[in-house]
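Residue numbers (my numbering), protein chains in the order written: chain A, 1 to 102; chain B, 1001 to 1465.
Warning: the hint list may mix true and false statements.
Said to hold, decoys possible - The list that follows gives simulated cross-link-like pairs (lysine to any residue, SDA-like), each with its CA atoms no further than 20 angstroms apart:
| hint | chain 1 | residue 1 | chain 2 | residue 2 |
| --- | --- | --- | --- | --- |
| 1 | A | LYS96 | B | LYS1263 |
| 2 | B | LYS1263 | A | TRP25 |
| 3 | A | LYS97 | B | SER1027 |
| 4 | B | LYS1263 | A | TYR22 |
| 5 | B | LYS1124 | A | ILE3 |
| 6 | B | LYS1263 | A | TYR21 |
| 7 | A | LYS96 | B | PRO1082 |
| 8 | A | LYS97 | B | SER1026 |
| 9 | B | LYS1124 | A | GLU2 |
| 10 | A | LYS96 | B | HIS1327 |
| 11 | B | LYS1124 | A | PHE63 |
| 12 | B | LYS1263 | A | THR28 |
| 13 | A | LYS96 | B | GLU1029 |
| 14 | A | LYS97 | B | ILE1378 |
| 15 | A | LYS96 | B | ASN1366 |
| 16 | A | LYS97 | B | GLN1033 |
| 17 | A | LYS97 | B | GLU1331 |
| 18 | A | LYS97 | B | THR1335 |
| 19 | A | LYS96 | B | PHE1373 |
| 20 | A | LYS96 | B | ALA1452 |
| 21 | A | LYS97 | B | ILE1341 |
| 22 | B | LYS1263 | B | ALA1214 |
Unchecked claim - Partial list, derived from the structure: chain B residues whose beta carbon lies under 7 angstroms from chain A:
| hint | residue |
| --- | --- |
| 23 | LEU1022 |
| 24 | SER1026 |
| 25 | ALA1045 |
| 26 | ASN1055 |
| 27 | ALA1078 |
| 28 | MET1086 |
| 29 | VAL1090 |
| 30 | LEU1110 |
| 31 | VAL1360 |
| 32 | GLU1374 |
| 33 | LEU1448 |
Just so you know, these hints were derived from the structure itself, not from any lab.
Predicted model only: the values in this text are computed from it and were never measured.
Quick reminder that beta carbons are idealized off the backbone N, C-alpha and C, glycines included.
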Amino acid sequence: MEIDPFIFRLSIFILSIFIGYYVVWSVTPSLHTPLMSVTNAISSVIIVGAIIAGLAGNSDSIFNISSIFGFLAISLAAINIFGGFLVTQRMLAMYKKKKKNK
Amino acid sequence: MLSANLSAIFYLTSGILFILALRGLSSPETSRQGNFFGILGMIIAITVTFLSIGNFSTGFVVVVIFLLIGGLIGAFIAYKIPMTAMPELVAGFHSLVGLAAVFVAIAAFLNPEAFNLGSPGNIKLGSLIEMSIGAVVGAITFSGSIIAFLKLQGIMSGSPITFKGQHPLNALILISIIVLTYLLCSTQSSNLFWILLAVSFLIGFLLIIPIGGADMPVVISMLNSYSGWAAAGIGFTLENTALIITGALVGSSGAILSYIMCKGMNRSFFNVILGGFGATEQSSTSQNKEQRPVKSGNADDAAFLMKNASSVIIVPGYGMAVAQAQHALREMVDTLKKNDIKVSYAIHPVAGRMPGHMNVLLAEANVPYDEVFELEEINNDFANADVAFVIGANDVTNPAAKTDPQSPIYGMPVLDVEKCKSVLFVKRSLSPGYAGIDNDLFYKENTLMLFADAKKMTEDITKNL
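Construct all of the structure, not just a fragment, from the sequences and the given hints.
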């Protein structure tokens, strides 16, 4: 019998949870705030679904209800992507080591 | 047009880059590179999506326009936001992820053909279940984060809102969500889909209102986790590896952070989630509050004590964030260092309103991160230090957590501030902290209370040094 593709996706999902578990435990506590902002940014990869929805309309009508929801989701996710990565960048740039001459 | 197999490999690549992005955060040196990997992963995912659809007509232009609108808003917020507002920002961002997940689920429900999920009214059962899960969790994330945002922003009172029958009501709604999902899957009725969404928004709202302000570190971490599970649910619907991997990463990340935060307060996850902490305690303690003498001092006394010390440990808390005292504090420390006084910072895991909140603020004030220590690293040093300077923290220093089994915070790990030769406690008044309990530290022989605004007091001390 053939294995349902769903099982493969489920395997990826479960293995990723384990990867997440070990990777996140190794994050230093002082970087927990950047961790939250960067996870925020990457979870906005949901924009992929939004783009598919947005481009689904046929050439006669770009704006049907479904694609409008797609467009809105694109903007929401984009706020997160840009905002999340940039604010993480800003935070990480502040973490400096002790200067030698002090 | 990109073949399905090739795009799947690219999505896998972007998933791996996201793993590396989190991996980078294991130390500040590698973190910036990690963030770059994250950005790269996102660019790959978005580009591949465009290429695999291969439709560069007017729709494409509209998509790019919406993308840029969102991007500009996001970039603007990222540059403007003060570091003290980071908890609100993160809560706000979570709500957007949640809402985006809901919108994508709605779009997929209304136009399943675009996603190869069947036709309207005849969506594949598996996809419909996955879609519902994504939509429900997304909706809970959205409304929950909005409440968290309002509480953190101070628009809504940080005190817990409780009412009779709250828990049975929530349980009832959760059961109804399961029933509705079942009915939705068997009937494919769009009305049920809308009801399901409405009920999910409602439960997100109800779940967060009973949770008090100082439990926000747990709430934010939990919502972080939810936003991940929502993304994973949508990932299953879209059969997209990048989304599934990311959802799992973010989901487990948020769950671990919630666990760390709960442990920092010695409370079970359910205890926090059920809420109401701090509201019930207050009444019992206000009765047995007798007047006890405290020693209070001014900036001059504090400066004198610190000048004669050889080592000082600074314990920052939420009060420092409120007073925006981090820069003034660092100036004070610079002056101390010029006098050859050893200074380090001690951070309790739940200090502030989100995980790592204090560390970011200190980093903003140019405090080198190798002077900042976590509770386990520094707790033994208090016994050898001359002065502990507590600025805006309270409950996390309360020795009652170690000595008084009756105390609501008994068993919570605390910083052993009282072991220092002398303790300087910057506080506005003697009022109890968030847990609603008195801090014995105020009345100790070797404690000097400095009643003032944290920022002003710190500046005054610097002048007197």
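Each hint tested on the structure:
Taking the CA atoms of LYS96/A and LYS1263/B, the gap is near 28 angstroms; set against the 20 angstroms cutoff, the hint is violated. Pair hint LYS1263/B plus TRP25/A holds up; C-alpha atoms about 14 angstroms apart against a cutoff of 20 angstroms. Annotation: proposed proximity of LYS97/A to SER1027/B holds, straight-line Cα distance about 11 angstroms (limit 20 angstroms). Using a Cα cut-off of 20 angstroms, the hinted pair LYS1263/B and TYR22/A holds, with the two alpha carbons roughly 18 angstroms apart.
At roughly 17 angstroms between alpha-carbon atoms, LYS1124/B and ILE3/A fall within 20 angstroms of each other, so this suggested pair holds. Restraint check for LYS1263/B and TYR21/A: the C-alpha separation of about 17 angstroms stays at or below 20 angstroms, so the hint holds. The hinted pair formed by LYS96/A and PRO1082/B meets the criterion: a straight-line CA distance of about 19 angstroms does not exceed 20 angstroms. About 15 angstroms separates the Cα atoms of LYS97/A and SER1026/B, which keeps this hinted pair within 20 angstroms; it holds.
For the suggested pair LYS1124/B and GLU2/A, the alpha carbons sit about 18 angstroms apart, so the restraint of at most 20 angstroms is met. Between LYS96/A and HIS1327/B, the direct Cα distance comes to roughly 15 angstroms. Compliance with the 20 angstroms bound is thereby established for this hinted pair. Taking the CA atoms of LYS1124/B and PHE63/A, the gap is about 25 angstroms. The hint is violated against a cut of 20 angstroms. Straight-line distance between C-alpha atoms of LYS1263/B and THR28/A comes to about 16 angstroms, which keeps the hinted pair within the 20 angstroms bound.
Annotation: proposed proximity of LYS96/A to GLU1029/B holds, straight-line Cα distance about 9 angstroms (limit 20 angstroms). In summary, the hint linking LYS97/A to ILE1378/B is supported, as the alpha carbons are separated by about 18 angstroms, within the 20 angstroms threshold. For the given pair, LYS96/A sits about 7 angstroms from ASN1366/B by alpha-carbon distance, which is consistent with the 20 angstroms threshold. The hinted pair formed by LYS97/A and GLN1033/B meets the criterion: a straight-line CA distance of about 16 angstroms does not exceed 20 angstroms.
With a CA separation close to 17 angstroms, the supplied pair LYS97/A and GLU1331/B stays within the 20 angstroms bound. Taken as a hint, the LYS97/A and THR1335/B pair is honoured in the structure, with Cα atoms around 19 angstroms apart against an allowance of 20 angstroms. Pair hint LYS96/A plus PHE1373/B holds up; C-alpha atoms about 14 angstroms apart against a cutoff of 20 angstroms. Under the criterion of a C-alpha separation no larger than 20 angstroms, the hint pairing LYS96/A with ALA1452/B is inconsistent with the structure, at around 31 angstroms.
A hinted pair counts as satisfied when its Cα atoms are at most 20 angstroms apart, and LYS97/A with ILE1341/B qualifies at roughly 19 angstroms. For the given pair, LYS1263/B sits about 14 angstroms from ALA1214/B by alpha-carbon distance, which is consistent with the 20 angstroms threshold. For LEU1022/B, the interface hint holds, the least distance from its beta-carbon to any beta-carbon of chain A being 5 angstroms, beneath 7 angstroms. A cut of 7 angstroms between beta carbons decides the hint on SER1026/B: the least distance to chain A is about 5 angstroms, and the hint holds.
Interface hint status for ALA1045/B: upheld, as the beta-carbon distance to the closest one in chain A is roughly 5 angstroms, under 7 angstroms. This hint holds: ASN1055/B has a C-beta 5 angstroms from the nearest C-beta of chain A, less than the 7 angstroms allowed. A least Cβ separation of about 4 angstroms between ALA1078/B and chain A falls short of the 7 angstroms threshold, and the interface hint therefore holds. Proximity of MET1086/B to chain A holds as hinted, the smallest CB-CB distance being about 6 angstroms (cut-off 7 angstroms).
A hinted interface residue such as VAL1090/B counts as satisfied when its beta carbon comes closer than 7 angstroms to some beta carbon of chain A; here the least separation is about 5 angstroms, so the hint holds. Hint status for LEU1110/B: holds, given a least beta-carbon distance of 4 angstroms to chain A, under 7 angstroms. This hint holds: VAL1360/B has a C-beta 5 angstroms from the nearest C-beta of chain A, less than the 7 angstroms allowed. A distance limit of 7 angstroms between C-beta atoms decides the matter here; for GLU1374/B the minimum to chain A is near 5 angstroms, and the interface restraint holds.
Annotation: interface hint on LEU1448/B violated; nearest CB of chain A at approximately 28 angstroms, more than 7 angstroms.
Violated hints, in rising order: 1, 11, 20 and 33; the structure is consistent with all others.
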